[in-house]
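Q: This is what each chain is made of:
2 protein chains.
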Amino acid sequence: MTGSAKAAFIGLGVMGYPMAGHLAARGYDMTVYNRTAEKTKRWAGDHKGATAATPAKAAAGADFIFTCVGNDDDLRSVVLGETGALAGMKPGAVLIDHTTTSAMVARELYEDAKSRGLAFLDAPVSGGQAGAENGQLTVMAGGDEEVFARARPAMEAYGKAVTLMGPSGAGQLTKMVNQICIAGLVQGLSEGMNFAQHAGLDGDLVLDVISKGAAQSWQMENRGRTMLKGEFDFGFAVDWMRKDLGICLEEAENNGARLPVTALVDQFYKHVQARGGSRYDTSSLMMLLSQE
Amino acid sequence: MTGSAKAAFIGLGVMGYPMAGHLAARGYDMTVYNRTAEKTKRWAGDHKGATAATPAKAAAGADFIFTCVGNDDDLRSVVLGETGALAGMKPGAVLIDHTTTSAMVARELYEDAKSRGLAFLDAPVSGGQAGAENGQLTVMAGGDEEVFARARPAMEAYGKAVTLMGPSGAGQLTKMVNQICIAGLVQGLSEGMNFAQHAGLDGDLVLDVISKGAAQSWQMENRGRTMLKGEFDFGFAVDWMRKDLGICLEEAENNGARLPVTALVDQFYKHVQARGGSRYDTSSLMMLLSQE
Chain W
2 MTGSAKAAFI
12 GLGVMGYPMA
22 GHLAARGYDM
32 TVYNRTAEKT
42 KRWAGDHKGA
52 TAATPAKAAA
62 GADFIFTCVG
72 NDDDLRSVVL
82 GETGALAGMK
92 PGAVLIDHTT
102 TSAMVARELY
112 EDAKSRGLAF
122 LDAPVSGGQA
132 GAENGQLTVM
142 AGGDEEVFAR
152 ARPAMEAYGK
162 AVTLMGPSGA
172 GQLTKMVNQI
182 CIAGLVQGLS
192 EGMNFAQHAG
202 LDGDLVLDVI
212 SKGAAQSWQM
222 ENRGRTMLKG
232 EFDFGFAVDW
242 MRKDLGICLE
252 EAENNGARLP
262 VTALVDQFYK
272 HVQARGGSRY
282 DTSSLMMLLS
292 QE
Chain F
2 MTGSAKAAFI
12 GLGVMGYPMA
22 GHLAARGYDM
32 TVYNRTAEKT
42 KRWAGDHKGA
52 TAATPAKAAA
62 GADFIFTCVG
72 NDDDLRSVVL
82 GETGALAGMK
92 PGAVLIDHTT
102 TSAMVARELY
112 EDAKSRGLAF
122 LDAPVSGGQA
132 GAENGQLTVM
142 AGGDEEVFAR
152 ARPAMEAYGK
162 AVTLMGPSGA
172 GQLTKMVNQI
182 CIAGLVQGLS
192 EGMNFAQHAG
202 LDGDLVLDVI
212 SKGAAQSWQM
222 ENRGRTMLKG
232 EFDFGFAVDW
242 MRKDLGICLE
252 EAENNGARLP
262 VTALVDQFYK
272 HVQARGGSRY
282 DTSSLMMLLS
292 QE
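Order-wise, the sequence lines are chains W and F.
Residues in the first sequence are numbered from 2 upward in steps of one, following our numbering.
Residues in the second sequence are numbered from 2 upward in steps of one, following our numbering.
The hints are simulated quantities; they were obtained by calculation from the structure and are not laboratory data.
Treat each hint with caution, since some may be false.
To be verified - Within a straight-line C-alpha distance of at most 27 Å, the following computed DSS-like cross-link-like pairs (lysine-lysine) qualify:
hint, chain 1, residue 1, chain 2, residue 2
1, W, K161, F, K213
2, F, K213, W, K213
3, F, K91, F, K42
4, W, K213, F, K244
5, F, K213, W, K244
Being a predicted model, the structure only gives us computed values, none of them experimental.
Take the sequences, apply the hints, and build the full model.
A: Below, the structure written as structure tokens:
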């Protein structure tokens, strides 16, 4: 890593806050920006770094500019326009976006950056808040090889696995595959756990036994027991999962992939939201089966 | 293990054949029966053991009688009636059924056996043909504790994990939970892998990356790559999966559990059958997404 490299981090949410912290700990000369100024101040108090009043000012002079915000629109608002990051970036600087977005906005910003002599990588992550805090994220990147090679050491400040998946958009598309796999998987697990309860089985014993075979999954090992207890107030929020599944379903309209169960599970999550579970973990699909 | 114990094995299919072989290798004094006599002869040629003309004759004098046949009706046909196993069993003998059946037939045979001074355990397995061959099956048993304790050492001839799940029927119910979890999981994985292909991603690279996180599963690790290649001519057959899911859906009618995606996936498997995939592995759900 380059001790003297300058970096900007835009978006200090539950993910971005600790990620920016890891960069500071590695010696990057940090400037941070957040929509609500309080968090910017708090971060600058916790870590060594400067604050900026706009994304453009944060980006000025930085070698790497990181963004980690909510969705496509949030990303456009911190990247484009007079106060957006691209407007402030110096020639050759790289914008690395860790937001989960559509592949479309990723490609759009890649082209925009390129036309200005700048570079852009889409780089969504998985591993959740815990992964961000302990620097164990999986980073799935899309973009140019040379740019990726330059940016990789910085991303390794918080990523245990940082991989270039292909050209611009490929990082986002990989994240979509991840979320599609999870949707069907968690619904299957929910139906299994709910069936176990209706059948009068000892659910914990069932998990002990079946998690050694062909039904095994990370979700079974990490969410099975909380599902049996009806504990959902933690983890990856349903609101975020619905945002991600919306992106998947939209992309599938473009590429022709069929997502029958993913679409159905997205509707189930809508029910969870309607029942007050917007902030519940994705495993809360179980709620719909056990409630009247 | 008791070197002098007598055992009978009824049903020498792809599972029963090697399971009976493991019992012989452990020193059980074996008598075998199979509906088609050729297999009985072949087994007796491969292993040390006697053959019998009916299940009742095979069961005569045995301490443990094992059955591993196709479905509820097959099981009744080898257990009940004048030539059925129960008719030949000596007082105190235990019938251990390794077939995947309904919980109803398990309880019915448990009561029948009890009324005759005999014992019955439902003990479906998971681990497939490979697990049967290398003695690494998971055995999920239902029945009386004392009976289970007596029968357990025999089942350990081919079971790496042999667990009493609860009273009669609990073994079958646990196996149902396993299959329910797999149904939704494999459909999610299929949609993910198919999406990856439509998105133009390097599927193997995607698997490398996402199999380290929250989307990870045994199915992803063991079936993801063959799914990407469209290889389905191996593994656990769709016909058997449909039989198992039918049992799950019927049981859910009784216990009130909701199985929306399991029921849908069962219909998808029906499509796979209609397209000639009856003997294909359960991962062949992928076929339906990639075909026109």
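Q: Which numbered hints does this structure break?
A: As far as the earlier hints go, not one is violated by this structure.
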